[in-house]
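Colleague: Since the structure of chain A is already known, use the hints to place chain B on it.
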Amino acid sequence: MSILAQQSAATGELRSRLNLLTLAAGAVAALVAPFVIYPVFLMNVLCFALFASAFNLLIGFVGLLSFGHAAFFGAAAYVTAHAAKVWGLPTELAILTGALAAAALGLIVGFLAIRRQGIYFSMITLALAQMFYFICLEVPFTHGEDGIQGVPRGTFLGFVNLDNNLAFYFVVLAIVAAGHFAIWRIVHSPFGNILKAIRDNEPRAISLGYNSDSYKLRAFVLSAGLAGLAGGTNAIVFQLATLTGVQWQSSGEVILMTLLGGIGTLAGPPIGAAITIGLQTYLAAVDFPVTVLIGLIFVVCVLLFRRGVAGEILAYMRKRG
Amino acid sequence: MFCIPYVKCLPLVALYGQLLLGLINGSFYALLSLGLAVIFGMLRVINFAHGALYMLGAFVSWWLSITLGIPYWGALIFAPLAVGLVAVLIEKSMLHQMYRLDPLYGLLLTFGITQVIEGTFRYYYGASGQPYPPPPALSGPLNLGFMILPIYRAWVVVISILACLATWLLIERTRIGAYLRAATENPVLVQTFGINVPLMMTLTYAFGAALAGFAGVLAAPIYQVSPLMGTNLIIIVFAVVVAGGMGSILGAIVTGYILGLLEGLTKVFYPEASNIVIFVVMAIVLLLRPAGLFGRAA
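Taken in sequence, the protein lines are chains A and B.
The number in the numbering used here is simply the position in the first sequence, starting from 1, with 405 added.
The number in the numbering used here is simply the position in the second sequence, starting from 1, with 1455 added.
Isolated chain A (complex conformation) (with noise of 0.2 Å):
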């Protein structure tokens, strides 16, 4: 059984007028907010709602539990900082240098994971990341505790210039438009129906002469792919890649911001995205501990939530009709 079987069966038609108002919704925010909030934190949202969202291709749409996909988000951090202060690559390619990486890296992942199912395919994950995060703190080139430093920002295409955070914020609102518009059409293509299928029935999948391990794979390095997009961003961003990218706590946090956006819809886990990080940048001033209520969410949203905001929404549209 699928983790997800009450959400699949909202109506097409339901689903794309709704899809359509929220992106309607999300585009004006978007366009306005960096007028009214500091850039900086909107785009470290951003990198994570294309995390997030990375990871609900997997979770939502091929029953999938990844529990180590920090190492994506980590690995493309160090790979392009390291592209772009050491090999002086121009940004955009230093960006797509850790994409890749993170994707080749989900290729060595996912060919172990996938070899069993269910909660082990969590625990295989969860444990791969651990030796690479292990790795990480051995190898000469991340730095060990102090990480990669003053990563340059440079410009963008050759002409803008990312010093200027306004500006960078829309390259990066593009990039994550971009990324989000990819899985649109991944979770859409004949391809995407194959990995729902698997997804809610996979000996039947098989039986149809479908190779499940295959197309498993491939929606393995696409989401590690898109996660290392999304990472390699956020190293830009921050001018920084650290061994926090890279810890299983990360791997925890990106789950609950899918949980708690709603697993399975395409809305839900930019907004448990910006929930999440939006709680933690204010928890950062109080004197709370930012893991006990990340710890409480979860709770929460596993007893009484199970939903997500986007899957209640759509819920009780669906209950008024």
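By construction, these hints were calculated from the structure, which means they are not laboratory data.
There's no promise every hint is true.
The following label-pair restraints were derived from C-beta to C-beta distances [claimed, not checked]:
#, chain 1, residue 1, chain 2, residue 2, range
1, B, 1640, A, 542, 40 to 46 Å
2, B, 1536, A, 425, 47 to 53 Å
3, B, 1552, A, 428, 31 to 37 Å
4, A, 649, B, 1468, 37 to 43 Å
5, B, 1522, A, 701, 23 to 29 Å
Non-contacting residues of chain A with respect to chain B, defined by C-beta distances greater than 12 Å in every case (computed) [stated by the list, open to error]:
#, residue
6, 422
7, 431
8, 443
9, 493
10, 523
11, 527
12, 546
13, 558
14, 568
15, 586
16, 616
17, 683
18, 699
19, 704
20, 711
Because the structure is a prediction, the values reported are computed rather than measured.
Glycine residues also receive a C-beta, built at the ideal position from the N, C-alpha and C atoms.
Modeller: Using the frame of chain A, we list chain B on its own:
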């Protein structure tokens, strides 16, 4: 001296020392993966909170010692009971709602509980550890002739093996164990025979948690009592469980010890890789025998 050609030569004493350390780590891996396997067998829940419960066991012993003056021997009994009680609360209030859902939700719930427990302890006690001395009767070294063996460490290895064996006997050789194995196979049928399966589930979770708490008491004098002592351990134990397969109780125990020893050996010959060797073994096992060393194919 002990040599591996082209790799390294080192005194035998260093080798023995690391092997002992490996055996001790292996004891903790075995106790924890055993508890995970027992819980998973019955509840179909992967208990992410296992590391936090282990930490709780160590903290309870430390509290007992500094507030009530209860020594190590008392802690060995009361701390696992206290942790088991906490587990009953967790199971009764939250975890039991997860049984009818996808098993992934159980993992997510216990992950959240872990964050709350560890975050709270870290808030009050910081990341540094509290010292907890071994009991006088088990302090000091034992000269074996070829090496000096700290008595406490020998005790940990012996008592862990005994605890593992006792658990194995309980599950494989007693009536309660037979009920448990039957309920694992077919809970509905066992319930129709008049056995209180929900109660068994609660007690199973409490028992697995108590094992983790017991490991925590044993660990308190070796490692310092710190809020994060279970954080990374639980992920290693996951790797042990994946490598061993959760099909058999004995498999979980044996894999725990083997991987602990292997980690100790790696510390001798290639220390840079000692952090990752268990994960590498897990990856190799997945390639060669996806169901795990002792696992049955799904």
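Colleague: In ascending order, which of the hints set out earlier in this document are inconsistent with the structure?
Modeller: Hint check: 2, 10, 11, 18, 19, 20 fail, others pass.
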